[in-house]
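Residue numbers (this note's numbering), protein chains in the order written: chain L, 1 to 260; chain R, 261 to 518.
If you're looking for bench data, these hints aren't it; they were derived computationally from the structure. Nothing here was measured: the structure is a model prediction, and the numbers come from that model. Fair warning: there could be bad hints in the mix.
[As the list claims (entries may be wrong)] Here are the in silico distance ranges between beta carbons for each label pair: (1) Leu273(R) x Gly44(L): 29 to 39 angstroms; (2) Gln491(R) x Ser17(L): 51 to 61 angstroms; (3) Ile506(R) x Ser147(L): 42 to 52 angstroms; (4) Gly148(L) x Tyr509(R): 50 to 60 angstroms; (5) Val328(R) x Glu137(L): 49 to 59 angstroms; (6) Glu137(L) x Leu315(R): 36 to 46 angstroms; (7) Gly148(L) x Gly484(R): 17 to 27 angstroms; (8) Gln254(L) x Leu273(R): 35 to 45 angstroms; (9) Gln82(L) x Gly484(R): 45 to 55 angstroms.
[To be verified] Among the chain L residues that face chain R by a calculated CB cut under 8 angstroms, a handful are: (10) Ile57; (11) Gln112; (12) Pro239.
Each residue gets a CB set at the ideal place from its N, CA and C atoms; glycine is no exception.
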Amino acid sequence: MSDAAAPKIALVGVEKSFGRKRVLDGIDLTVAPGESLVIIGGSGTGKSVLIKCILGIMRPEAGSIRIDGAETVGLRRRGREQVMRKFGMLFQGSALFDSLSVWENVAFGLVQGRGMDRAAAREIALKKLAAVGLGPEVATLSPAELSGGMQKRVALARAIAAEPEIVFFDEPTTGLDPIMADVINRLIVSSVRELGATTVSITHDMVSARRIADRIAMLHKGRIVWQGPASEIDRSDNPFVDQFVHGRAEGPIQMEVRAA
Amino acid sequence: MTETLSAIGAVFLAFLAAVGGLARFAVQALAAAASPPYFPRLIARQVLYIGYYSLPVVGLTALFTGMVLALQSYTGFSRFNAQSAVATVVVLSMTRELGPVIASLMVAGRVGAAMAAEIGTMRVTEQIDALTTLSTDPLRYLVLPRLIAGLVTLPVLVLIADIVGVFGGFLVGTYKLEFNPVAYLTQTEQYLETMDVVSGLVKAAVFGFLIALMGCYHGYHSRGGAEGVGQATTHAVVSASILILIFNYALTQAFFSR
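Excised from the complex, chain L in its bound form (with noise of 0.2 angstroms):
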């Protein structure tokens, strides 16, 4: 599966700070072609920060992020908008739009990003919501109609619409109740799968990571203390990913009460 010459994904030194807090300190990472990468760690160290830099939301200050070998930090609109037709998202929160009925949140890339006509969007939408398990009946309800398992199909369904090379889930199973959030880690499986795509997700449910993940990597403090197979996070010998997986208070991790 991993292709160690030509990774999809590469991430030299990348730093991010907000004001006094440097959020990212010199990341290094690699994602090969196929591969389901998962970043672990707690809350505030960093992960979405980092998903956002390699999307092209946020620019690090220093460092490099190269997709397919490209270099891609401080692309103008052109460049970015080429790379961004390599990338799907799930956002934390769905992040679907309220104005738009379900199928046009998901035809929304095709329609808007790539100029498809909306008759023909439309079935290709419809598609990806049956690969989703929802009907064509949910297809002119809002999102707002929807329950959070069913929104967070409806964003899935929008992440793969395109058939991207590279799909990025943040926090896919975060609020939803274990029964809802297993259906979606196995959609998300299985529909990767099918696409044959890379995916990067961040989370903090290890049953999620487990499930998902090709290789695990972790992040505190901005930085990757840890990474490896996903069949090893048992037995990494490291205090931080133990004291994670575990979900124990005492250990080198100290969590932070307030915001920095």
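With chain L held as given, fit chain R onto it using these hints.
Relative to the frame of chain L, chain R by itself:
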């Protein structure tokens, strides 16, 4: 002394940074108009929202403004036997000043707040980030249609407000103050020049742009959940209202200062 100067300098620099940020935001949004894709449906939706749905509030405000203007100018002017100037005062005041300013302030309260709240909510719920990941420029998709709609819709609204305001003055003039209707209309038309109306419509276009710009800018940069969106809404209305009054003076100076 040094600390005081330092504090003043910091405030001044923050002000310059805010003005620079706003100017950069406006230029970036307008630059998106230089190339496709355009979103005509979104522009039409905003025109409908800013224009059609603001008609009742703007019309009502203009009607009563014209009525009060006629009444006030009559009672004031009667002190030196200048009652016959009432129709002229009403039409000049409405077209030059009160039509554009009052209509724009009402639209700033209604539309500017709604724009800031809508875009602010999209910001804090990551919908704007989602637009970016779907290869859609948020400035092009969200901001530009609102700026264009504000620019083209306010002049139409103000023209309607002018007509309704003059009609309000006519109602009070003829029914309460017992002017002859034909004489009132003749006097309304007699001293009205094209520039009086045009200057008001140009002001309206500028005010419409400012209202949309402030609504979009504060919404786009809102942070921190519901409280941040609330603050963005307040800032949008207050800053748009202040800018309307400042630009009103500057434009009046530009048009009528000789």
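Hint check results:
Between Leu273(R) and Gly44(L) the beta carbons are some 30 angstroms apart, a value that agrees with the proposed interval 29 to 39 angstroms. One distance hint, 51 to 61 angstroms for the beta-carbon pair Gln491(R) and Ser17(L), is violated here, with the actual separation near 24 angstroms. Here the CB-CB span from Ile506(R) to Ser147(L) is close to 49 angstroms, well matched to the stated 42 to 52 angstroms. Between Gly148(L) and Tyr509(R) the C-beta distance comes to about 52 angstroms, which sits within the given range of 50 to 60 angstroms.
At roughly 55 angstroms, the beta-carbon separation of Val328(R) and Glu137(L) lies within the given 49 to 59 angstroms, and the hint holds. The hinted window of 36 to 46 angstroms between Glu137(L) and Leu315(R) holds, with their beta carbons roughly 38 angstroms apart. Remark: the range hint 17 to 27 angstroms for Gly148(L) to Gly484(R) is upheld by a beta-carbon distance near 22 angstroms. About 37 angstroms separates the C-beta atoms of Gln254(L) and Leu273(R), a value consistent with the hinted range of 35 to 45 angstroms.
Checking the proposed 45 to 55 angstroms range against Gln82(L) and Gly484(R) shows it is violated: the Cβ atoms sit about 33 angstroms from each other. Restraint check, Ile57(L) versus chain R: the minimum CB separation of about 5 angstroms is within 8 angstroms; hint holds. For the restraint placing Gln112(L) at the interface with chain R, the shortest Cβ-Cβ distance is roughly 5 angstroms, inside the 8 angstroms limit, so the hint holds. Below 8 angstroms, beta-carbon pairs count as interface contacts, and Pro239(L) has none with chain R, the closest being about 33 angstroms; its hint is therefore violated.
Violation of the numbered hints given earlier is confined to hints 2, 9 and 12; the remaining hints are satisfied by the structure.
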